[in-house]
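Engineer: Take the sequences, apply the hints, and build the full model.
The primary structure of each chain is shown beneath.
There are 8 protein chains.
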Amino acid sequence: MNPVELKKLLADLSTGKLSVDEGMERLATLPYEDLGVARIDHHRHLRQGTPETILGARKTAEQMITIVGAMVRRGSNVLITRLDADKAESLVAKFPKGCYDGEARTFTLVQTPVEVLGKGRILVVCAGTSDLPVAREATVTARMLGNEVEELVDVGVAGIHRLFDRLDILRSAAVVIVVAGMEGALPSVIGGLVASPVIAVPTSVGYGASFGGIAALLGMLNSCASGVTVVNIDNGFGAACAAARINRRNPS
Amino acid sequence: MNPVELKKLLADLSTGKLSVDEGMERLATLPYEDLGVARIDHHRHLRQGTPETILGARKTAEQMITIVGAMVRRGSNVLITRLDADKAESLVAKFPKGCYDGEARTFTLVQTPVEVLGKGRILVVCAGTSDLPVAREATVTARMLGNEVEELVDVGVAGIHRLFDRLDILRSAAVVIVVAGMEGALPSVIGGLVASPVIAVPTSVGYGASFGGIAALLGMLNSCASGVTVVNIDNGFGAACAAARINRRNPS
Amino acid sequence: MNPVELKKLLADLSTGKLSVDEGMERLATLPYEDLGVARIDHHRHLRQGTPETILGARKTAEQMITIVGAMVRRGSNVLITRLDADKAESLVAKFPKGCYDGEARTFTLVQTPVEVLGKGRILVVCAGTSDLPVAREATVTARMLGNEVEELVDVGVAGIHRLFDRLDILRSAAVVIVVAGMEGALPSVIGGLVASPVIAVPTSVGYGASFGGIAALLGMLNSCASGVTVVNIDNGFGAACAAARINRRNPS
Amino acid sequence: MNPVELKKLLADLSTGKLSVDEGMERLATLPYEDLGVARIDHHRHLRQGTPETILGARKTAEQMITIVGAMVRRGSNVLITRLDADKAESLVAKFPKGCYDGEARTFTLVQTPVEVLGKGRILVVCAGTSDLPVAREATVTARMLGNEVEELVDVGVAGIHRLFDRLDILRSAAVVIVVAGMEGALPSVIGGLVASPVIAVPTSVGYGASFGGIAALLGMLNSCASGVTVVNIDNGFGAACAAARINRRNPS
Amino acid sequence: MNPVELKKLLADLSTGKLSVDEGMERLATLPYEDLGVARIDHHRHLRQGTPETILGARKTAEQMITIVGAMVRRGSNVLITRLDADKAESLVAKFPKGCYDGEARTFTLVQTPVEVLGKGRILVVCAGTSDLPVAREATVTARMLGNEVEELVDVGVAGIHRLFDRLDILRSAAVVIVVAGMEGALPSVIGGLVASPVIAVPTSVGYGASFGGIAALLGMLNSCASGVTVVNIDNGFGAACAAARINRRNPS
Amino acid sequence: MNPVELKKLLADLSTGKLSVDEGMERLATLPYEDLGVARIDHHRHLRQGTPETILGARKTAEQMITIVGAMVRRGSNVLITRLDADKAESLVAKFPKGCYDGEARTFTLVQTPVEVLGKGRILVVCAGTSDLPVAREATVTARMLGNEVEELVDVGVAGIHRLFDRLDILRSAAVVIVVAGMEGALPSVIGGLVASPVIAVPTSVGYGASFGGIAALLGMLNSCASGVTVVNIDNGFGAACAAARINRRNPS
Amino acid sequence: MNPVELKKLLADLSTGKLSVDEGMERLATLPYEDLGVARIDHHRHLRQGTPETILGARKTAEQMITIVGAMVRRGSNVLITRLDADKAESLVAKFPKGCYDGEARTFTLVQTPVEVLGKGRILVVCAGTSDLPVAREATVTARMLGNEVEELVDVGVAGIHRLFDRLDILRSAAVVIVVAGMEGALPSVIGGLVASPVIAVPTSVGYGASFGGIAALLGMLNSCASGVTVVNIDNGFGAACAAARINRRNPS
Amino acid sequence: MNPVELKKLLADLSTGKLSVDEGMERLATLPYEDLGVARIDHHRHLRQGTPETILGARKTAEQMITIVGAMVRRGSNVLITRLDADKAESLVAKFPKGCYDGEARTFTLVQTPVEVLGKGRILVVCAGTSDLPVAREATVTARMLGNEVEELVDVGVAGIHRLFDRLDILRSAAVVIVVAGMEGALPSVIGGLVASPVIAVPTSVGYGASFGGIAALLGMLNSCASGVTVVNIDNGFGAACAAARINRRNPS
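Residue numbers (my numbering), protein chains in the order written: chain A, 1 to 252; chain B, 1 to 252; chain C, 1 to 252; chain D, 1 to 252; chain E, 1 to 252; chain F, 1 to 252; chain G, 1 to 252; chain H, 1 to 252.
Possibly wrong hints are sitting among the right ones.
Straight-line distance between alpha carbons at most 25 Å, and here's what the computed DSS-like set of lysine-lysine pairs gives [to be verified]:
#1 K59/A <-> K97/A
#2 K17/G <-> K8/B
#3 K97/D <-> K59/D
#4 K94/D <-> K59/D
#5 K94/A <-> K59/A
#6 K59/G <-> K97/G
#7 K8/A <-> K8/C
#8 K59/C <-> K94/C
#9 K17/H <-> K17/F
#10 K59/C <-> K97/C
#11 K17/A <-> K97/C
#12 K8/D <-> K17/E
If you're looking for bench data, these hints aren't it; they were derived computationally from the structure.
Structural biologist: Encoded structure:
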């Protein structure tokens with residue numbers, strides 16, 4: 001029931017087409033969403049700024065082709081994350097306008113140009129090539145969410161002076177996403193150098209006592225630079241969503 | 001070496017008082033901070049918007065009186081967190097302008113009025129009285145950092161409809177800090193209802209398999225509402241710092 | 001807005017006292033609870049069968065006296081769990097009709113007689129005196145929720161034949177709550193002997209590699225007797241709530 | 001020794017065919033089961049309502065064909081869980097009356113129609129397609145155990161309003177099985193909305209700090225909705241067994 | 001029903017005092033224990049060689065006085081473990097024949113002399129004074145169980161040559177109990193030097209990454225000397241019980 | 001230097017062929033093993049009763065053929081554990097006298113008949129087919145170590161009465177090895193029924209919260225039946241070695 | 001900006017080509033590295049003594065060929081660790097001067113002879129063939145870093161006397177690297193026998209409760225031999241780097 | 001048996017006072033230590049450079065007074081670590097030459113002046129006052145072991161530029177001990193700036209997800225600066241022992 005229908009119901013009441021008891025019954029069982037709450041959901045990608053998104057990890061190429069087909073018909077932009085190269089091939093064959101980024105393992109399909117919604121620039125920082133796939137997933141996601149994004153790769157804690165050459169870039173960003181594996185110390189260092197929000201992404205890069213990213217995760221949660229927040233291990237997508245929420249020009 | 005000294009050095013060079021080689025040597029050994037980087041540190045509370053802050057947990061009352069005394073002489077505002085009531089008594093006796101909040105376990109001393117630096121309102125949400133100390137720590141901290149703060153207490157996942165009566169308050173906030181123990185599900189629910197940044201704070205409230213907050217922490221890191229970020233267990237202070245970074249009018 | 005008010009709103013519409021647009025506006029902002037959803041909450045103890053309950057663990061005697069006072073004025077029955085003996089003394093002094101069970105660590109105050117709502121008998125089983133406090137918490141809670149309860153104490157896995165003498169009691173129960181620490185194997189054995197629902201409660205009894213109840217918890221989650229469900233460590237209260245849900249004569 | 005034999009023994013005693021000492025000896029070594037305890041086991045699937053069940057995970061197709069063949073000869077109904085598609089093919093080829101459900105990964109073979117033994121309807125709820133295999137395993141199992149089952153898919157915590165449209169379905173179920181991965185918060189929300197028993201099944205869906213379902217498991221064990229019980233990670237089968245125990249018309 | 005009663009029942013049958021049907025009924029409901037199984041339990045300390053034992057950790061002095069009193073009346077020998085000195089004082093005051101060992105934290109009361117049941121000597125080895133309480137608990141327990149026991153203290157892995165001076169003592173023992181904290185390596189070394197059974201007891205001695213004995217426990221479970229078995233952390237009592245089982249002259 | 005050489009050295013001294021100082025020097029640098037300690041090692045399989053054993057898990061077929069060849073030339077009996085079927089094929093082809101047990105995953109080659117060294121019978125118990133490989137590894141190992149071994153399969157905690165039919169077998173064993181996965185409760189039950197030594201072997205059988213055998217391991221370490229000892233997860237080999245140490249007729 | 005440019009800047013100032021204010025501005029934004037700090041980085045392998053090193057684990061053969069090519073052009077020596085044999089083949093085909101060690105899984109390419117920089121000999125000790133790959137990685141790395149290295153294989157804790165035959169080798173080493181899996185006790189034993197620095201490397205060798213090397217790691221961190229330090233699980237490379245730092249003749 | 005006695009034995013042999021067989025017997029049972037191995041032990045503090053050391057944590061003042069008394073009589077220097085202030089009072093009262101450091105919680109008693117044995121200076125670095133007790137324990141221990149020690153306090157990762165002002169001190173140290181809690185990132189940064197050995201000490205400083213130092217420990221084990229080694233949590237003593245081994249002028 002949309003507002004038009006609701007208005008008609010009330011009009012019917014006021015004109016006697018509907019009795020008070022009939023109106024009671026219909027309103028009592030009225031699903032919430034008809035009151036404007038749930039419609040938000042049908043337009044979730046508008047409300048939260050996210051394109052329609054698929055987690056590609058456990059789906060077959062066939063399943064994804066079906067889902068993307070439906071999205072394309074709705075006119076949505078599409079973002080698939082954690083997509084293997086072989087499945088990507090089938091998708092690109094089917095949707096030649098789509099684009100696969102082998103580093104980020106993302107598939108993007110833009111039907112309506114992505115409008116820049118962000119106030120400033122999101123900076124994605126990581127220490128090296130091992131962390132790059134997670135960093136790139138953040139980059140692709142943040143761009144799809146309407147943000148200007150820059151990447152700063154190859155600045156690490158054990159070669160700390162390299163960071164100082166990039167102070168300008170670091171300090172001019174509206175939000176900084178720091179991707180790091182191993183001991184996960186980079187967000188602490190950067191958090192001490194900039195005043196803007198810092199989102200830390202632990203990666204599962206490492207071996208032995210890195211425990212698949214737990215070491216980095218704990219390091220980031222215990223950061224001595226106050227005001228650093230953390231997302232799940234390898235969650236470049238989530239970090240970009242959080243950064244986009246922060247960077248949104250008109251959030252509500 | 002401060003800018004004045006640097007200017008003098010260059011002037012001496014330009015006037016020949018100093019040879020080029022002498023200038024080389026002095027500059028080569030020039031400590032960084034003299035170039036304007038480290039001065040930032042002396043004014044850290046300006047750079048990052050934090051007042052001078054003390055973690056009260058492991059310090060004696062005597063140690064804190066000494067530290068606060070020095071801060072007062074510098075003209076700083078002071079925030080002590082995790083302060084036991086008995087130690088607070090000594091501090092308030094010594095610094096009667098200071099104020100102890102027994103719920104938040106914070107001591108605050110304001111010498112210069114706190115200017116509102118935030119763009120919007122920070123909302124601190126928690127499910128009940130058990131989580132209140134952590135929520136209140138966030139509130140006090142965020143206010144000391146120059147933000148307008150509102151609290152929303154007693155909205156829980158098991159009585160989900162109460163949240164819906166507060167949608168206006170939730171959706172009008174610039175940043176939402178959600179404090180929750182036990183299963184830590186509240187940030188997911190709220191993250192699905194608002195478009196603004198959501199910072200989740202797990203608390204150590206619970207028993208048995210809550211493992212001192214680990215259950216809540218993991219719940220939040222795995223939030224199905226994308227864009228939720230997380231801080232350390234019981235870290236109301238850190239959440240407020242992150243919220244202040246986000247809410248800052250002119251971050252850089 | 002309650003149904004009476006809603007009816008009046010619709011009547012006003014049908015008689016023209018309220019215009020269609022005015023009706024639209026009031027209904028659009030109508031809080032859910034006025035539609036009958038939230039009222040459930042005001043009567044939560046009726047909907048879920050629970051009395052008004054307080055977790056006594058972190059509250060002061062003063063705080064609890066205030067809360068219980070309010071409950072008493074509402075005419076509610078009261079159940080406090082995890083209540084230390086010294087706090088209990090203050091409560092009983094203030095509310096002499098209340099009753100403290102030192103083993104269960106519960107305080108109960110019955111203003112209106114508890115009606116038996118359960119279909120059958122709930123049986124609470126444990127291996128020995130160490131597990132008794134948790135078992136007794138379950139017993140007290142289940143009784144307050146309107147169930148007939150029986151206890152079977154001192155049947156353990158290492159003296160398995162004792163169980164066989166009690167097969168009649170075990171098999172005639174409507175629900176069996178099994179409380180066990182250490183290796184937590186008792187629910188598996190009982191689950192293989194009865195056809196009724198079995199709820200397992202791990203306790204923190206043990207030392208070393210019992211890890212505060214984790215060993216028992218894992219044992220129960222991995223029970224080889226299919227159909228055993230588990231609650232949190234030491235959560236006698238929760239087990240009783242679950243048993244009461246199962247045993248309810250007219251659940252909806 | 002069955003009752004007939006026992007009767008004969010006693011008759012022999014009463015007629016002097018057997019001396020008292022001979023009787024003593026035979027009875028002293030009498031295996032329990034002859035006294036009616038163990039016979040229960042031969043009819044375990046009747047006692048507990050379960051069909052003969054095989055965990056398919058570690059068995060070869062050949063092993064399972066042998067086992068199913070024996071069950072078929074006994075006239076039993078058969079349920080195999082965790083069965084890979086390739087092994088299923090061999091089984092269906094051999095037993096064409098059997099049926100493989102690729103989503104649930106179950107093989108079922110019904111020789112005698114499953115009688116409805118349950119009092120009410122079991123509702124299986126999950127948040128999305130990732131949790132569907134576990135939910136479907138619960139559905140198939142519960143049906144094989146003689147229950148009417150309904151599924152409610154795609155209701156999640158981050159889109160909480162969708163739950164409200166299904167309140168009728170939720171509240172009319174006799175038992176609700178809630179299957180959820182990631183933060184595992186759905187059972188808490190549903191546990192707060194219904195009065196019937198809620199069984200929570202954590203799934204291993206997720207990555208990073210979901211730790212193969214531990215995050216969901218802990219979330220459920222710490223549910224703020226009292227009366228929620230939990231089974232092992234991915235244990236749709238066990239949840240259905242527990243639900244069937246609860247829903248049984250004549251449990252004993 | 002004891003054998004005498006059973007014999008009478010059969011005699012009554014053979015003489016016609018009891019009909020066959022009456023005999024059937026009485027035997028069908030006959031509790032197991034009357035068939036000689038449960039009597040074992042009444043004499044458990046004879047069957048397993050253990051004296052009546054109390055875990056003193058969570059009991060009050062009053063509770064223990066009651067229990068010991070009952071044991072004394074039964075003529076049993078008594079062993080209490082994990083007994084604090086202050087509670088011990090009350091016990092010894094009440095039972096002056098009893099004896100408290102402050103190092104082992106055990107109370108023993110011998111009413112009938114302990115007969116030596118073991119074939120050989122049990123050797124209890126530990127590295128130093130920190131592990132001594134656990135070692136001594138093993139010693140006292142093993143002696144109460146009828147074994148000759150010798151202690152070898154102050155042989156550690158970091159001073160490995162000291163072990164070699166004791167090869168005779170090590171190799172002449174029937175069973176070796178090795179108590180060790182920290183890295184728990186001593187059982188591996190000893191297991192490589194002797195051919196007799198080695199029981200390893202991890203202790204909670206250590207700090208930091210010893211995690212309350214987990215490091216030692218894992219070390220022992222992974223011992224490179226094959227044939228070493230392990231008991232729970234700090235479980236000197238259990239190690240002695242196992243050693244007594246091994247050392248028993250006529251185990252069955 | 002062997003005893004013969006030592007004797008010669010001393011004779012040379014006594015006859016003046018060697019000066020005191022020369023004797024001093026040679027003895028000061030005398031390696032231990034020449035004093036009879038290390039020779040033990042050359043005959044380790046005699047000292048500890050173990051055949052020459054290879055852990056097959058990480059070795060190639062080629063590596064094992066080389067090692068077994070050397071052992072064969074020494075006249076040793078051979079036991080390889082954790083051997084994959086494909087590697088076994090190569091070994092059996094090369095050493096046709098050897099024998100591969102596909103269930104136990106062991107390769108055995110007996111050159112000299114295994115003499116029975118054990119006093120009594122070792123009983124290996126497990127709950128079902130999933131635990132069988134570990135149980136069988138124990139069986140094969142114990143037999144190679146000179147023990148009479150019996151297996152008792154398919155007795156589980158959820159069908160506890162089946163155990164009672166086997167009390168004779170259980171109670172007549174000299175040592176009982178109990179192999180169990182899932183909640184690992186079987187050793188507790190058996191430990192309460194027999195007086196002989198019980199060695200518990202947790203297996204990695206299970207899923208979800210069994211955590212690869214941790215649940216069973218913890219259950220066994222916390223056994224309420226005193227005197228149960230534990231070996232590493234899936235360590236059937238180690239359990240057999242421990243049982244052989246216990247069962248040895250003349251251990252030293 | 002390099003020293004030449006800096007000198008020119010100062011010269012320009014002294015000659016008036018640049019005003020003082022212009023000089024101020026250029027120097028204030030001067031990146032650190034131009035002041036001689038960052039140049040260190042360009043010569044990192046000189047500063048830290050490491051050759052240019054690649055972690056081969058996650059890189060493709062193509063990626064590594066590109067990187068090695070660049071290194072070769074710079075005239076660097078090259079060390080790749082954790083390199084699979086199949087990728088190694090491509091590398092050796094491309095760079096025939098390079099050398100692959102299949103045990104250590106390292107690729108080394110020496111363009112300029114490695115000068116011996118170490119004061120003494122580094123000894124790498126391990127217990128057996130399973131730990132050999134990690135030990136060998138340490139050996140190869142330490143040699144590439146300019147050290148004389150010796151290996152001592154097959155000395156284990158369960159055959160402790162073998163160590164005593166090697167006391168000379170152990171005590172004459174400048175640094176001892178001890179590689180051990182399972183219970184990780186070897187470093188404690190060796191740490192008690194030598195006075196030189198001991199670096200312990202836990203390996204992931206083992207199964208069950210070895211938890212991929214955690215047992216060994218914890219054992220080493222809790223070593224009772226004071227002065228033993230530890231590196232990450234399987235980190236032979238890191239141990240060698242640490243040993244090289246210690247052994248460096250002129251460290252600064 | 002000391003060398004003098006051995007010489008006498010050989011002399012007796014050469015003069016015929018002792019027969020060859022008598023000599024055989026005495027030498028065969030000769031304890032090792034008489035051959036010069038164990039004497040090392042009696043002089044352990046000389047061999048390893050450690051004074052006689054007591055871990056004060058679990059000992060009573062009385063126990064320590066006894067032990068220290070014996071050490072004093074032997075003429076040893078004494079070091080007690082982890083000593084509470086109240087116990088220290090008793091010790092200092094008894095041994096007025098001793099000295100208690102309340103920050104380090106150490107008691108030292110120097111009878112013979114500590115000779116400087118180290119080649120260079122050991123630098124102990126920590127981030128702040130919370131880590132100071134552990135740092136100071138390292139300082140005191142290293143000094144007692146004959147090293148020159150310097151402390152560098154208040155250099156943290158979040159204020160990274162402060163480190164750069166201390167590059168000279170950092171780079172001139174022979175060994176650097178870095179003490180850090182929280183995320184434990186400081187050793188990585190310092191390890192990247194210096195070429196000398198770096199020993200990392202995690203501290204239990206922190207809360208929530210620092211898990212009593214586990215976060216810092218994991219961070220250090222995963223350090224991206226190669227060549228950093230780690231000791232146990234809060235183990236300042238062990239770090240100093242390791243540093244002393246490294247810094248020893250003549251290690252063997």
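Engineer: To test your reading of the hints: which numbers does this structure violate?
Structural biologist: Hint 11 is the one this structure does not satisfy, whereas the remaining hints hold.
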